[in-house]
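Student: Each chain, written out:
There are 2 protein chains.
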Amino acid sequence: MKKNAKEEIVKAAITLFKSNGYSGTSIRDIAGLAKVNTATIAYHFENKPGLLEYCFTNFFEQYISKMEEAYASIDKGAKNCLKRMVVDLLHYQCENSKLASLVYREMSMDSQVVREIMSTYLLKEKYYFQLVFERGFEWNEFRPHSIPYLIIQLKGLLMMPFMNTHYMREVLYVFPNEPFFEQKYLKDINLWIDKTLCSDVPMKMGAVIK
Amino acid sequence: MKKNAKEEIVKAAITLFKSNGYSGTSIRDIAGLAKVNTATIAYHFENKPGLLEYCFTNFFEQYISKMEEAYASIDKGAKNCLKRMVVDLLHYQCENSKLASLVYREMSMDSQVVREIMSTYLLKEKYYFQLVFERGFEWNEFRPHSIPYLIIQLKGLLMMPFMNTHYMREVLYVFPNEPFFEQKYLKDINLWIDKTLCSDVPMKMGAVIK
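Residue numbers (the working numbering), protein chains in the order written: chain P, 1 to 210; chain V, 1 to 210.
Treat the hints with caution; some may be incorrect.
No copy is singled out in the list; a pair is fine if it fits within one copy or between any two copies.
Claimed, not checked - The calculated lysine-lysine pairs, modelled on DSSO-like cross-linking and capped at a C-alpha distance of 30 Å, are:
1. 35 x 76
2. 184 x 35
3. 76 x 6
4. 48 x 124
5. 6 x 195
6. 187 x 83
7. 11 x 184
8. 98 x 35
9. 187 x 126
10. 35 x 195
11. 126 x 76
12. 126 x 195
13. 11 x 195
14. 35 x 66
It should be emphasised that the hints constitute simulated quantities derived from the structure, not laboratory data.
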């Protein structure tokens, strides 16, 4: 058994799940691409759902820890903190664009593993966004607005390039794995924060102007 | 053969492709749900790729005609025209939320039919967005910006609720098929148009103030 077999299996699974979909990929296909036998996959991941769960967990463990780290800077202001989150999450997705693509696509299916991911990682993600938005309202940095609707918009902007990689390449000629993309698109999301989230903030009664 | 068999087959296919994915659905499953035999499906759609192509074509024919209709109002201004497009496209997606969800998910796969849809309908979609943005720059209504990057943002906002229906329901408790959602979310996209697209428009040299 090769020492890095586990890594090779994960790499092959990400590639195949990404291009053929989870349902369209067999354990045999993965074994073939990773150049291992199916028993090695069974040893490390039990079965195909086990491999998908590993991909999800691997992706969201790091994703949530980026959010936690960024949230630690909340005392420097909610807008600063949100911008730091956006930098880190966009960078993380760009660095792991294949994994991000397949995770986001498979999250749209209704399955046991998806429900588990939602009730753990995605609730945590919502919790951190919520904390930042609430601080932003409280500190008069953000225009008061429905938090779920803000999350829809921000996640829409963050996820779009990774949910539609073929469209990005073939129709728009934009390549999300190039550094140029990350810098340019970051400015666009920051503009959303500055212009739609932070403009026209009503002055609170008795608010202290800092 | 039932008179409305074709309709029943399409309805069943949309439901199953949506919840189990295209690869996770068999012609037998569809026949079972539509209460027809597999020969009837073969008669109308030849095979499973034929059924998926029908779903795509059905969705994008109407989608593009909404864009064409909205573009006819370009003489009333680029911002007005874009807002009309957004109203119509959001409404169309809300009315066909199951179909929109499955089409958007399957568009993320790399297949022959997806490439064909991209080189026809999605190029047309890009063409209309491009026309509106170019008029908006020319008429000093929109802040000059990269058109592909504007399309990424606008499509991200428009598609997000339909690409992540389980997440919307289970995590955010937002229901994209309710009329309340459509009205509320429309305001958010309009805010993006007003605040990030139409603010800080530099005055052109020699521009005529209307």
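Student: If a hint holds in the structure, say so; if it does not, say that too.
Tutor: Results for each hint:
Proximity of residue 35 to residue 76 under the C-alpha cut-off of 30 Å is found in neither arrangement, the shortest distances being 50 Å within a copy and 61 Å between copies. For the identical chains of this complex, residue 184 and residue 35 are neighbours neither inside a copy (39 Å) nor across copies (52 Å), given an alpha-carbon limit of 30 Å. When the C-alpha separation of residue 76 and residue 6 is checked against a cutoff of 30 Å, the pair qualifies neither within a copy, at 41 Å, nor between copies, at 60 Å. When the C-alpha separation of residue 48 and residue 124 is checked against a cutoff of 30 Å, the pair qualifies only within one copy, where the shortest distance is 26 Å, while the shortest distance between copies is 39 Å.
Proximity of residue 6 to residue 195 under the C-alpha cut-off of 30 Å is found in neither arrangement, the shortest distances being 46 Å within a copy and 48 Å between copies. Proximity of residue 187 and residue 83 under a CA criterion of 30 Å is satisfied in both settings, with 10 Å inside one chain copy and 23 Å between copies. When the C-alpha separation of residue 11 and residue 184 is checked against a cutoff of 30 Å, the pair qualifies only within one copy, where the shortest distance is 28 Å, while the shortest distance between copies is 42 Å. For a Cα distance limit of 30 Å, the shortest separation of residue 98 from residue 35 inside one copy, 20 Å, qualifies, whereas the shortest one across copies, 39 Å, does not.
Proximity of residue 187 to residue 126 under the C-alpha cut-off of 30 Å is found in both arrangements, the shortest distances being 23 Å within a copy and 22 Å between copies. For a Cα distance limit of 30 Å, the shortest separation of residue 35 from residue 195 qualifies neither inside one copy, at 51 Å, nor across copies, at 53 Å. In the homo-oligomer, the alpha carbons of residue 126 and residue 76 lie at most 30 Å apart inside one protomer (21 Å), although the nearest pairing across protomers, at 40 Å, exceeds that limit. Within a single copy, residue 126 and residue 195 get their C-alpha atoms as close as 22 Å, and across copies as close as 25 Å, so both meet the 30 Å cut-off.
Taking identical chains as interchangeable, the C-alpha atoms of residue 11 and residue 195 are never at most 30 Å apart, the minima being 40 Å within one chain and 42 Å between chains. With identical chains, the CA atoms of residue 35 and residue 66 are never at most 30 Å apart, being 33 Å at best within one copy and 49 Å at best between copies.
Going through the hint list in order, the structure does not satisfy hints 1, 2, 3, 5, 10, 13 and 14.
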